[in-house]
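**Q** Protein chains in written order, with our numbering: chain A, 1 to 113; chain B, 1 to 112.
Simulated from the structure, these hints should not be mistaken for lab results.
Don't be surprised by glycine CBs; every beta carbon is placed ideally from N, CA and C.
Some hints here could point you the wrong way.
27 Å max Cα-Cα, derived DSSO-like pairs, lysine-lysine [as the list claims (entries may be wrong)]:
id, chain 1, residue 1, chain 2, residue 2
1, B, K68, B, K37
2, B, K37, A, K57
3, A, K9, B, K68
4, A, K57, B, K5
Take a look, some chain B residues computed to stay more than 10 Å from chain A by CB distance [claimed, not checked]:
id, residue
5, S8
6, G16
7, I20
8, N27
9, L34
10, D55
11, D59
12, K68
13, A70
14, S74
15, G83
16, S85
17, A94
18, V101
19, G105
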Amino acid sequence: NAGVTQTPKFRVLKTGQSMTLLCAQDMNHEYMYWYRQDPGMGLRLIHYSVGEGTTAKGEVPDGYNVSRLKKQNFLLGLESAAPSQTSVYFCASSHPGQAYEQYFGPGTRLTVT
Amino acid sequence: DQQVKQNSPSLSVQEGRISILNCDYTNSMFDYFLWYKKYPAEGPTFLISISSIKDKNEDGRFTVFLNKSAKHLSLHIVPSQPGDSAVYFCAASADYGQNFVFGPGTRLSVLP
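With these hints in hand, go ahead and build the complete structure from the sequences.
**A** In structure tokens:
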């Protein structure tokens with residue numbers, strides 16, 4: 001039981017490049033989330049999904065797209081990376097009946113130069 | 001404007017003493033609150049939660065107090081242990097978990 005895994009762990013992009021961050025969970029959770037963490041700002045919700053095939057915008061969605069084609073996977077895409085997207089990205093999942101307890105992945109550190 | 005505030009960026013406590021971490025919020029619609037703990041290079045892990053219908057929830061050494069009229073909650077850790085040294089995030093939800101707002105975190109250092 002791996003819980004929540006994130007790929008890759010580290011990445012350096014040049015401005016304008018694109019990439020996809022992959023989140024996978026093996027707990028059969030309905031809800032999945034993408035957050036970013038910046039110094040002094042805690043975690044801010046980018047997008048979330050309450051089920052396969054559904055996504056919704058969070059607090060800071062601009063510049064990101066997501067897809068939830070399979071229940072266990074939640075992908076975060078950056079179409080044209082900008083230095084302002086340098087951050088640590090965390091994926092999380094939860095069960096609707098216990099939605100308050102989100103299980104987090106280890107994070108992806110992204111640097112955009 | 002931050003809806004969830006943790007005004008102390010850091011806190012140092014002696015081992016065995018009580019640690020008190022504070023959190024204030026501005027949105028009166030928040031009805032569920034959580035605390036997460038985060039070690040370096042790891043994702044946050046759930047610690048304890050409290051619903052707005054309660055004013056206290058206890059789990060071992062951890063107790064969370066909620067004062068709805070003051071829009072304030074606090075996390076008490078007694079006794080504090082060196083392994084408790086981490087960043088603690090307060091988070092709040094107005095829709096029972098679909099959408100959480102996190103505070104900026106407080107770094108707790110428990111000194112041996």
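**Q** A separate judgement is required for each hint: does it hold in the structure or not?
**A** Hint-by-hint comparison with the structure:
Restraint check for B:K68 and B:K37: satisfied, since their Cα atoms lie roughly 23 Å apart, inside the 27 Å limit. A hinted pair counts as satisfied when its Cα atoms are at most 27 Å apart, and B:K37 with A:K57 qualifies at roughly 25 Å. For the hint linking A:K9 to B:K68, the alpha-carbon distance of about 40 Å lies beyond 27 Å, and the restraint is violated. Taking the CA atoms of A:K57 and B:K5, the gap is about 22 Å. The hint holds against a cut of 27 Å.
For B:S8, the shortest C-beta to C-beta distance to chain A comes to about 13 Å, beyond the 10 Å cut-off, and the non-interface label holds. No Cβ of chain A approaches the Cβ of B:G16 within 10 Å, the least distance being about 29 Å, so the stated non-interface status holds. With 10 Å as the threshold on Cβ separation, the claim that B:I20 sits away from chain A holds: the shortest Cβ distance comes to roughly 19 Å. Remark: the non-interface label on B:N27 is consistent with the geometry, its nearest Cβ contact in chain A lying 13 Å away (cut-off 10 Å).
Here B:L34 does not stay apart from chain A, with its beta-carbon only about 6 Å from theirs, under the 10 Å limit. Listed as a non-interface residue, B:D55 keeps its Cβ farther than 10 Å from every Cβ of chain A; the least gap is roughly 17 Å. For B:D59, the shortest C-beta to C-beta distance to chain A comes to about 12 Å, beyond the 10 Å cut-off, and the non-interface label holds. A cut-off of 10 Å between C-beta atoms confirms that B:K68 is not in contact with chain A; the least separation is 17 Å.
The beta carbon of B:A70 is kept farther than 10 Å from every beta carbon of chain A, the shortest such distance being approximately 21 Å. The Cβ of B:S74 sits about 17 Å from the closest Cβ of chain A, beyond the 10 Å cut-off, so the non-interface label holds. At the 10 Å boundary, the C-beta of B:G83 stays outside the reach of chain A, the nearest C-beta of that chain being 19 Å off. The Cβ of B:S85 sits about 18 Å from the closest Cβ of chain A, beyond the 10 Å cut-off, so the non-interface label holds.
Chain A leaves B:A94 outside its interface by the beta-carbon criterion, the shortest separation being 12 Å against a cut-off of 10 Å. Not every CB of chain A is more than 10 Å from the CB of B:V101 (nearest about 7 Å), against its label as outside the interface. For B:G105, the shortest C-beta to C-beta distance to chain A comes to about 5 Å, within the 10 Å cut-off, and the non-interface label is violated.
Violated hints for the displayed structure, listed by number in ascending order: 3, 9, 18 and 19.
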